[in-house]
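Below are the chains, spelled out letter by letter.
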Amino acid sequence: MRQLVAAIRKEMLLQWRTRAQIAAIFIFGATAMLLFSFAIGPNSSALRLHAPGFLWLGLLLSSTLALSESFQLETEQKGLEGLLLLPSSPRALYYAKAIANLVQLSILGAALIPVMIVLYDVAVTWNLLWVCGVIVLGSAGLSAPGTIYSAMASQARAKQTLLPLLLFPLVVPVLLASVKATSLLIEGDPMGQLRSWVTLVTSFDLIYWSLCGLVFGRVVED
Amino acid sequence: MADPLFENTGSESRPTVAFALVAIGLATMLYGSYVGLFVAPPEKFMGEVYRILFVHVPTAWNALLALTFAFASALMFLFKGDWRWDARLEAGIEFGVVLSFLLCCQGAIWAKPTWGVWWDWDPRLTTTAVLLAAFLGILALRKFVDDPVKRATWSSVATVIAYVDVPIVYFSVKWWNSLHQMQSNPNTVSPEFHLPLRMNAIGLLLLLIGLITLRTRIAKMRLREELAPPLPAPSAAVDYATGGGR
Amino acid sequence: MNVGSGMIAGGWEFVTAAYVVTAVVIGSYVISVLTRFSKERAAARRRDSRPEVN
Chain A
1 MRQLVAAIRK EMLLQWRTRA QIAAIFIFGA TAMLLFSFAI GPNSSALRLH
51 APGFLWLGLL LSSTLALSES FQLETEQKGL EGLLLLPSSP RALYYAKAIA
101 NLVQLSILGA ALIPVMIVLY DVAVTWNLLW VCGVIVLGSA GLSAPGTIYS
151 AMASQARAKQ TLLPLLLFPL VVPVLLASVK ATSLLIEGDP MGQLRSWVTL
201 VTSFDLIYWS LCGLVFGRVV ED
Chain B
1 MADPLFENTG SESRPTVAFA LVAIGLATML YGSYVGLFVA PPEKFMGEVY
51 RILFVHVPTA WNALLALTFA FASALMFLFK GDWRWDARLE AGIEFGVVLS
101 FLLCCQGAIW AKPTWGVWWD WDPRLTTTAV LLAAFLGILA LRKFVDDPVK
151 RATWSSVATV IAYVDVPIVY FSVKWWNSLH QMQSNPNTVS PEFHLPLRMN
201 AIGLLLLLIG LITLRTRIAK MRLREELAPP LPAPSAAVDY ATGGGR
Chain C
1 MNVGSGMIAG GWEFVTAAYV VTAVVIGSYV ISVLTRFSKE RAAARRRDSR
51 PEVN
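Chains as they are written, first to last, in the numbering used here: chain A, 1 to 222; chain B, 1 to 246; chain C, 1 to 54.
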């Protein structure tokens, strides 16, 4: 447990030191959302209807940049081998990285909300905190498998292609559920479906946070 | 070498059983398709179009079987470290991807006359499309990793992760789709249509076993070359014992 | 489609397409596996026949 706390502190320090990267990734995400509106055209009702979808697509595309950065330092300076020599378990290393990625993606997602409100003219009659909650749950779903695939991709060829290629099909349920949940929160939920979608994404999170933690050791072992 | 990969290689160059299975499987499928196309009568509601099911349903069963075999091989490799399971994993994924791709094509050809659109977001077919993308990604992973140990371990991990996702994807798409349309694809087939369906299913199964066996052997041969390349033959001109040329 | 009659008319072109696609995909894969198998077997035989250093 102490290993985990120490690892998390290290990751958070790293995140703080590279905060300029998060700003750049945010700009990328916002630009992507801008491009979506050009693809649809100046049709305000269509844009408003699909706003949650665009928000999550923007976040998903940004996540490929954010996640691929997460093992950058380890590969560049052979930090991974150094970390593994320490008497700390790979599992602590995994969870620290995954939590750091979760925090980064949640911040990104929350930052993209005002972009969504402005670009797609979304009326603000809903609870911001609930939407942030969905963003955290969805980001957790992206972060767990994303961290493990990022560890693999950073040591393989064609790194930039491999991560989204592996991650995107896997997180289809997260995308579906998060978009639905966000849409229900923003536009109202007359039939009370929100709970089911939240349960779906939470189950995905629980399954993958456990599974990926279990197998991470095999991915980084020598 | 102690590794079982390097033992019992004699029988591998004469895979008569595998060749026989492929031949019998193809023949069975040809006969089953003949019966399905020309002998079975038109169906009450679907007319002639239902005949597509005689290839679509067997493909679906065998695609899932191939990918389940891949999943089992991945688990076995992770637990036992036996290279033969990595070879089987490669074979299972490759054939699973081929059948999944075929399934999506057949599904689109079925959907157009039945529902009027090429893709109707049917949960089973949509899950297949997601599976196809996921396992194509794993094949790409195998191509982009040069170290055999990492390649085997990582693709086993990725296979386990992707396979566990299958039921989750299925249920999420099913629920996502049900909010928009109510559709049902025929699940039950009347008894007079059982023969072509069963023949094609058995034929494809035999074909699957034969092809996966052969593909596994290809992978094993490549692995042997990779893991223990033979030493080069000594140069005939130099005799080290006498310390000079001949 | 004959609306109301309850039966989809025609459709042989779709049936043909489905069977042809199936035959082409499965046939190509069978040929691919057999070709690769004989190539690897020949390469393996060449490797095994080379004299090894003791």
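Take the hints with a grain of salt, since some may be wrong.
Claimed, not checked - Listed next, the in silico EDC-like pairs over lysine to aspartate or glutamate satisfying Cα-Cα at most 16 Å (straight line):
no.	chain 1	residue 1	chain 2	residue 2
1	B	LYS150	A	GLU221
2	A	LYS159	B	GLU43
3	B	LYS112	C	GLU13
Said to hold, decoys possible - Covered stretches of chain B (in silico footprint by chain C; criterion: 3 or more residues with CB under 8 Å from a CB of chain C, positions within the stretch not fixed):
no.	stretch
4	22-33
5	36-48
6	105-115
Note that these hints are calculated values from the structure, not bench results. Positions of the beta carbon are idealized from the N, C-alpha and C atoms, including for glycine.
Margin query: Flag every earlier hint the structure violates by its number, smallest first.
Written below: 2
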